[in-house]
Amino acid sequence: MAHVSLKRNTCQFEPSGRVGRIDEALQSMDKQNGSSKKSQKDFNNSNKRNSRIGVCTDPNCTLKIGDIVWARLTTRSVWWPGVVVDPRTCGYDLNESVWVYWIGDQRISDVLPENTVSIMDNFEGRYRIRGSANYHKSVEEALKLFFEQNGIPLPTNVVTAALNGFTGKLREDIHYALRRNTHKILPIYIRQRLSEINSQVSLESAQMKTLNHQLPSEYSTNSPTATTTSSFSEDFLKRSCIGEFGGKDLLDKIIEKDPWYCFICAMEKLGPLNPQSDWKKRLSSLFNNENVRDDIDLTLFPNEKQPIRVLSLFDGIATGKIALDELGINIEIYYSCEIDQEALLVTKVNHENQIVYLGDVRGITREKLEEISPIDLLIGGSPCNDVSIANPKRRGLYDPEGTGILFFEYFRILQNLLCINSKLNRNLFWLFENVASMRDCYKIVIDRFLGRPPALYDSRFFSAQNRARYFWGNIPGMYRCPKYALLLLEQTV
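Just so we're aligned, residue 3 is where the sequence shown starts under our numbering, counting upward by one.
None of these hints come from the bench; they were simulated from the model. Be a bit skeptical, because a hint or two may be false.
EDC-like cross-link-like pairs, simulated, lysine to aspartate or glutamate; straight-line CA separation at most 16 Å [stated by the list, open to error]:
hint : residue 1 : residue 2
1    : Lys146    : Asp175
2    : Lys282    : Glu258
3    : Lys370    : Glu306
4    : Lys307    : Glu373
5    : Lys425    : Asp460
6    : Lys186    : Asp95
7    : Lys425    : Glu334
8    : Lys259    : Glu270
9    : Lys66     : Glu116
10   : Lys425    : Asp362
11   : Lys307    : Glu270
12   : Lys271    : Asp251
Starting from the given sequences, assemble the full structure and let the hints guide the process.
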C-alpha cells in the first residue's frame, strides 16, 4: 500500500492573504543575488484564479501537478525533494493536503500545504550539506527534473549553481518558469510507479469493502458459498443489525442479561449467521506483521479476563507499573528487579506495598523463576549507556565490567520463563527496550537473540520528550504504527 505520512504539513497563502509559495521562491532567489524584486501584482491575481484547479481542496493552494518541491512531514522533519501529484491517479481522493511523490524513496505522502514549497524557495537554507548519498542524489534528480520540465538548459553542476542562487539568463528563465505556474507532465517512471500504487490501493479497497460489511465481525451465513468477514467498527453489533437478524425480542433479552457476552465470544448464532470457529486467529491477524513471527497460542487464553502477573527487569522507578495502571490493566502481582537505591526509594514512596522487590537481576535463578511463576508479562530495558553512540567511552555488549552485557541477563530470564510457561500451558508476553542510537552491530546481535527486528517509537509523537527508542517483543499490534500520530509535539508543550 502507498506510504502515508505519520505527520502532515500546509502551503501557499498565509491567513493574512500574503502571496503564496511561488512568489516566496522568487523573493528567495532575489535575496540570494542581492537584487530587489519587482511587483508581481498581476501574477498574484492570476495565481489566485488558477488555484481553483489545484491539487487539494485548499482554495489558497497554488501548487500544480508536477511541481518540484521541498516537502517535510512535520515542522521538525528535514526537507526532502518531491513532486506534486494528483492523488486520484493513486487511488486516493482530494483532501486538504498536498500529495507528494518523494524522489529517491518512490513513495507518496499527504503533506499539509504549509510544509510544501518550491524547490527554488530558499534552496541554500533548506539544502543539507551533510545529507546521505541518497539525499544528494535525490536533490540533484529533482533539480534536473525541474530544468527538463521547463525547457531550461541544464548547468554543468546544477546543485552548486542552485546554492549560488543562479545568475544571468539562467535566473531569468527560472523566474519565468515559476511565474507560469502550470500543470506539468510527469516523467514516465513516476507515472508507472503511481500506477503500481494505484493497483495496490485498489486491491486493498476491494478487500476493505468485504471487511467493512455491516454484518457482525467474523460471521458467515448458512450458505456454504457465502461468507462475510468484517472488521470491528462503529457499525459493529448495532441495534438495527441485531434487530434485523435476531428479531426485536432478542434486544430485550440482551438488555435483561447481566453480564451479556457478545455472540462471537459466546459462540452463539445470530439468526442465519454463525460465528467462525477460528475468529480469534482472524482477529489476531489484523495486528500481526508478516515479517515478525507470531508465538502467541490463542487456544491458551482463558475464557474470562484475569489479573496479570508481571516481572519487570531494570525496573527503575517502576514506570512499567504506572503504564499498566494507566491502561487500566488489573495486576495480580508486580515483581521488580532494581539495585539503584534512589530509584527504589522513589518506587517505595509512590507504590508503597504494591511491588515485590527481587534485587539484582543477576541473582535471579531458574529456581527463583519457577517459584514466582507463572509470569504473564516480562518487561525490561537494560542500561543503554554502554551501547549508545552518544557515549564515546562505551564498552559495548560484551565487556563483563560494563552494563551492555546485561542484555544477556534479560535474554536468559526470557528463555527460562518461556520454558516454564510452556509446561504450564500459559502464554508469555514480553517487551525489551533500548536506545535507538546504538551501533548496527549491536542491534544485529540483539535481533538475532530475540528472533525479530525492533519497532521504532519516538516519544516526541506522544509527549514533550524527544526520545527515540527500539522495542522488541511479541505484544500484539506493537509492529503496526497508527496512520497518524494525532498528538504532536506542538500540542504538548
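Evaluation of the provided hints:
The hinted pair formed by Lys146 and Asp175 meets the criterion: a straight-line CA distance of about 14 Å does not exceed 16 Å. Note on Lys282 and Glu258: the hinted pairing is violated, with a Cα-Cα distance of about 27 Å set against a maximum of 16 Å. Between the alpha carbons of Lys370 and Glu306 the distance comes to roughly 28 Å, so the proposed pair goes past 16 Å and is violated. The straight-line distance between the Cα atoms of Lys307 and Glu373 is roughly 23 Å, outside the 16 Å bound, and the hint therefore fails.
Distance restraint check for Lys425 and Asp460: the Cα-Cα separation of roughly 37 Å exceeds the 16 Å cut-off, and the hinted pair is therefore not satisfied. Under the criterion of a C-alpha separation no larger than 16 Å, the hint pairing Lys186 with Asp95 is inconsistent with the structure, at around 20 Å. Taking the CA atoms of Lys425 and Glu334, the gap is about 21 Å. The hint is violated against a cut of 16 Å. Taking the CA atoms of Lys259 and Glu270, the gap is near 15 Å; set against the 16 Å cutoff, the hint holds.
Simply put, Lys66 and Glu116 have alpha-carbon atoms about 15 Å apart, close enough for the 16 Å limit, and the pair holds. This hinted pair does not check out: Lys425 and Asp362 have alpha carbons roughly 26 Å apart, beyond 16 Å. For the suggested pair Lys307 and Glu270, the alpha carbons sit about 20 Å apart, so the restraint of at most 16 Å is broken. Of the supplied pair hints, the one linking Lys271 and Asp251 holds, its CA atoms being roughly 15 Å apart against a limit of 16 Å.
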